[in-house]
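J.: Following the hints, complete the assembly by docking chains V, D and C onto the known chain H.
Residue numbers (full-length UniProt numbering), protein chains in the order written: chain H, 1 to 385; chain V, 1 to 385; chain D, 1 to 385; chain C, 1 to 385.
Because the hints were derived from the structure by calculation, they are not lab data.
All copies of an identical chain are treated as equivalent in the list; a pair is satisfied when it fits inside any one copy or across any two copies.
Straight-line Cα separation of at most 30 Å, DSBU-like style, residue types lysine-lysine; simulated pairs:
#1 K136 <-> K99
#2 K136 <-> K122
#3 K385 <-> K331
#4 K213 <-> K331
#5 K331 <-> K293
#6 K213 <-> K385
#7 K271 <-> K83
#8 K271 <-> K213
#9 K83 <-> K57
So the chains spell out like this:
Protein chains: 4
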Amino acid sequence: MLTDTLLDFFVETRQHTETICQPLEIEDYVVQPVVDVSPPKWHLGHTTWFFEEFLLKPYAKDYRLFDEHFAFVFNSYYESVGKRVVRTDRGNMSRPSVKKVYAYRSYVNEAIRALFSAVQAKELHQILEIGIHHEKQHQELLLTDIKYILGNNPLLPAYTPDFLEHPTESHEQLWISMEEGLYGVGYLGDGFCYDNELGRHQVYLNGYSISNKLVTNGEFMAFIENGGYTTHGYWHAEGWDWVRQNQISAPMYWHSIDGEWFHYTALGLQKIDPNTPVAHISYFEAFAYAQSKGLRLPTEFEWEAAQSHFPWGNRWEWTESAYLPYPNYRKADGALGEYNGKFMVNQKVLRGGSVATSSQHTRPTYRNFFQTHLRWQFTGLRLAK
Amino acid sequence: MLTDTLLDFFVETRQHTETICQPLEIEDYVVQPVVDVSPPKWHLGHTTWFFEEFLLKPYAKDYRLFDEHFAFVFNSYYESVGKRVVRTDRGNMSRPSVKKVYAYRSYVNEAIRALFSAVQAKELHQILEIGIHHEKQHQELLLTDIKYILGNNPLLPAYTPDFLEHPTESHEQLWISMEEGLYGVGYLGDGFCYDNELGRHQVYLNGYSISNKLVTNGEFMAFIENGGYTTHGYWHAEGWDWVRQNQISAPMYWHSIDGEWFHYTALGLQKIDPNTPVAHISYFEAFAYAQSKGLRLPTEFEWEAAQSHFPWGNRWEWTESAYLPYPNYRKADGALGEYNGKFMVNQKVLRGGSVATSSQHTRPTYRNFFQTHLRWQFTGLRLAK
Amino acid sequence: MLTDTLLDFFVETRQHTETICQPLEIEDYVVQPVVDVSPPKWHLGHTTWFFEEFLLKPYAKDYRLFDEHFAFVFNSYYESVGKRVVRTDRGNMSRPSVKKVYAYRSYVNEAIRALFSAVQAKELHQILEIGIHHEKQHQELLLTDIKYILGNNPLLPAYTPDFLEHPTESHEQLWISMEEGLYGVGYLGDGFCYDNELGRHQVYLNGYSISNKLVTNGEFMAFIENGGYTTHGYWHAEGWDWVRQNQISAPMYWHSIDGEWFHYTALGLQKIDPNTPVAHISYFEAFAYAQSKGLRLPTEFEWEAAQSHFPWGNRWEWTESAYLPYPNYRKADGALGEYNGKFMVNQKVLRGGSVATSSQHTRPTYRNFFQTHLRWQFTGLRLAK
Amino acid sequence: MLTDTLLDFFVETRQHTETICQPLEIEDYVVQPVVDVSPPKWHLGHTTWFFEEFLLKPYAKDYRLFDEHFAFVFNSYYESVGKRVVRTDRGNMSRPSVKKVYAYRSYVNEAIRALFSAVQAKELHQILEIGIHHEKQHQELLLTDIKYILGNNPLLPAYTPDFLEHPTESHEQLWISMEEGLYGVGYLGDGFCYDNELGRHQVYLNGYSISNKLVTNGEFMAFIENGGYTTHGYWHAEGWDWVRQNQISAPMYWHSIDGEWFHYTALGLQKIDPNTPVAHISYFEAFAYAQSKGLRLPTEFEWEAAQSHFPWGNRWEWTESAYLPYPNYRKADGALGEYNGKFMVNQKVLRGGSVATSSQHTRPTYRNFFQTHLRWQFTGLRLAK
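Isolated chain H (complex conformation) (with noise of 0.2 Å):
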């Protein structure tokens, strides 16, 4: 990419970002209800000091910090580059106040354009570009983080009427038969792609069959009804624990009141679209539903050899695959080596994109990666057999 096109698109996605947070008041910024979610003020911050620490601290010649206590506020897991403020304390700090963390990013983004505007800034491409995409990782989580915030309110305030969630999935329901043999899998090409896409190789699969339609509410008010939630024989031991102890009994946020099912959206309470695809359901619950059906859910393998036959977009698919490294994997050095291969354990990976995904952010190749009990991003599943 040539420097201008990837300014331009640094400052597209650097707006995007505050695009996202223009209807929240300022309260909103600050709290962090559970452990997952973070402060939006938060992500603003972290996703600026991202650029600060990684392009101008090395590169910037005379760049003076905007404030030195912002590496430790808004550093979230970078064991490499110093101290942080434990996540579990980010809903617990006031300041610096909203208005300084935009002050921060303007301070940035004029930084990051004058040192891009310098000839020798060519190499540095490569570390723009992944802060970018760090800032579109983030944009998804802000959108999340803010449903969670509100959606956890007494109050159920609305977001906005801009965000649409739940897209209708009107085909008829199908199954695409795939061929037993040999399959490529991972990224082939030379846009941006993440380190744990890479090292194109090839899988051998048994025949299976996979959905074209990803699984609606409707079907998951059957499940429910049906005994979904209260019978062991469906779950993963680790999983039925889960579901006594959180007393769980339908997705997140959804409220059954007086014998209906309405959820929390953008638009604040709204009666459940049947035809619309389920979200917000743990690996537990996309396993559960599947093992209810006497089916299975795909592996990331089954979903990538078979992708180009079906629409994907709407949800995160969660998959039977454990997050693990592609055959010669290789970290990279220093902490941009941190990115995503400290965290190949005990985590599954979802495929697709969701109606929260940035746009260019998600690919056929692209490998997203939960812990098996969390459901706040828009996570869906589509079957297999």
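T.: Structure of chains V, D and C alone, referenced to chain H:
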């Protein structure tokens, strides 16, 4: 008190709460870094809800609730008046917004004024008076909660130059001798007092001596240097567990920087003045300090009997007395009966008052109480023997 | 006491501990189902270690420790005498074996006999006496810990027919009137007592009435039927939290079977006799019961002043008094000073004695103390007003 | 297998379990120092209950349960067959006594013999075989649980001289090269295997090398000396948290005494032989070790494809593979279907076998599995690249 005077007192008190909040950023109103500290926004709302719940709802004709959800959001611990937000969740709520809470305050202020302009309202003076004193109690918490919120922020922002935390006690330390005999204890007068002060009764005290001066920062530094926090023999078993589990080695807000003691104050980080009274210590620490001197804390009765002989009001002073009912104590009926009685177990009595105590809010018979490990109030100690 | 008499007392006490354990299987000696309950094996060893540590080690010439590791294994809480097994880990230790612990007892018994046959030992009478009373105190715990171990086993095995838990209080309930005035409190004599009973002093009591009879099981059943455990107004805030978090709805060991109340006893599961005094209730429950009657618990001073007017000794009786030092209380120096003083915070005083109390172990001035939520002792209540 | 041979196998297996327990004191049968370790008494009962529940109850005419409470006491995790003692409570139960449990074993042994002397019992061979292998699996746990119980006792008692934990791997370390291509994986034969080994299928492997030798204690000491436990870059994020929260700095049972490494073994505390394979490490540690060498763990498929080229059976070997179902895996119906399938999440596969593995219990396709932080099994590692 005549209605007019009382209404003036009401208006002035309501105004003072907002004055305390004046230096805050909106973000500061929202967070709850630990369970004992409530968000300032919550104090603003809760003190208002108190008037709405106990005066307007039952007595104001045609009164319309400002928002029906606020009873849920702003009830603190009154089990008799319905469900309430769990105390640990107060800092997870970004809404209602600060602006909305101020509107709630104005709305209720206006309704109270209207109610008390009606002739029949004279019977309600007592409840209004409790509400005013309730708000004064929260003013103190508001100040100490703000200090906690800012003083535990990694940026250590100043609060305001207008709040002076550190009065000097420059008089010479002397022992006041009190003779053995019967002393009267408890409120005797016709002004306002809480139910836990009532039931004036006699207690028999052995002869004792009590210091005319609070223990100072300098004396407490010596305690630290002499191994006070590492000598188990000075501590209660429970206090010693607390010290070790929480790695306590100095009063709250104290920082040792290059061999010198600083503390966080309303002005930000300041060098500690050895001549000012120590603050922000738990009962456990007060007890251990006394033990290290071969002395003890006074009981609340010894304190009350001797209080006219020494100046007080700079620090809440820990006593050796457990918080228990006076003879013939009887809880009031209904929700207001929950004010004091139900906390009379496993807490210690504090006497005096502090730099954060609102005017007209303390008196010689006033009994404050906290759990033995808490120290975010301006708590200090006076020795006895 | 003369050496011979004291040695007889020692031998008899040591023997009685073993008699209590006689009905046990070896397995029963080992387990620790909750932190407050210690394995019987540990009691056998700890009471023995006390004599070894405080008498034999310092005073017996050429004494050789039975096993150098036992100080670590059997020290309870004496910080002054070295490291110790964490209390929660006592039930994780299968070794030393029960047989070895009995050998330890014999070895120490013999060494004590030898020590006290020497002339100079007369100075050590006081420590021996403390050791004997210490063991008597543990005999009580031994009985209640055994009850807990067997009574929480799903097989509910009987302990022994020789331990009678349930004395009848068949006399008529009457109120004893006590006049306002000064009363002497604390031990006055030359027999054995603990340091927390010393410092005979005067207290001024308002006039009061105290029941001549303990509250019975039948009365407590009525409390349950009348919603005692679901009426928050009867409870302290902390007690109410305890009830809900632990789902308490009856005294410990009570089981409702087909609409009838049974309880686990030394004989196994038995129908409850409504005329015997209630046992195994926490302070929180005792307080709530009194509140439900519009009455209260006596203070420990009221109890002591009135105790000659009613029979007692069947139940430890909760009082309203916090466990605090008497005037002029002074901790003994060294490890023995840790016996009482360091527990004088956040506990309540119990007066009386119980069916599990060893002979010669209680007296009118004896002060027992426990935390407010505990109830595995034979704790009951007497009302006052 | 013919009935006679199978019955011999049964008798021999049942006997071997008791032989393992022969060196124990009765006390050792009872304790449960951590949740993953069960009391030996429980293993003795649970393996017996398995035969009673799945063979005698459904198929033995007129069979009378030994004790109706034992299903509750000795069920491990089979949700389909009723309530059970919570796993953390197994060490709180002193009853049934060890003697009673041995009587239970004899009773059930006799009943099984009687059942299988009847002609029609041939259909039940499969269940009996599962029961035998189930008991063999528990024999391994029994040995490692005993080691944990004794090895965490402050007295560090020896277990038995007859159990040799530390085989030497004296052959030269070499890399075995395996070619890229398709390999068959899974059980193919007519002997016994578990359902998780079935479904022989092809996997495509890139070319790789695998060591012919396990990593040794000496090599692991070098890892420690070189800062292995303090270099975050070697660890997964979750592994790093585990290291810090549990202050892990060496394999389990290792003690550094005066600068030399000792470990607890069946013989008591012994100096560590640097030439024997390392044991008692978690997956996190195995992964970090490999990272520190710039190498990796083999996948379970790589291991299975190469296993004929190296000796194995001394250590359970951690692999990089998550424990997942093979293609076409289908849980058996009913309670026996809970054996494997419900654990197929968030665990890692181990291949090989160990010094604690019973004869005839492992094979090249055998898949063991544990959570990533566990290390009380004889777990080691082999490198790949």
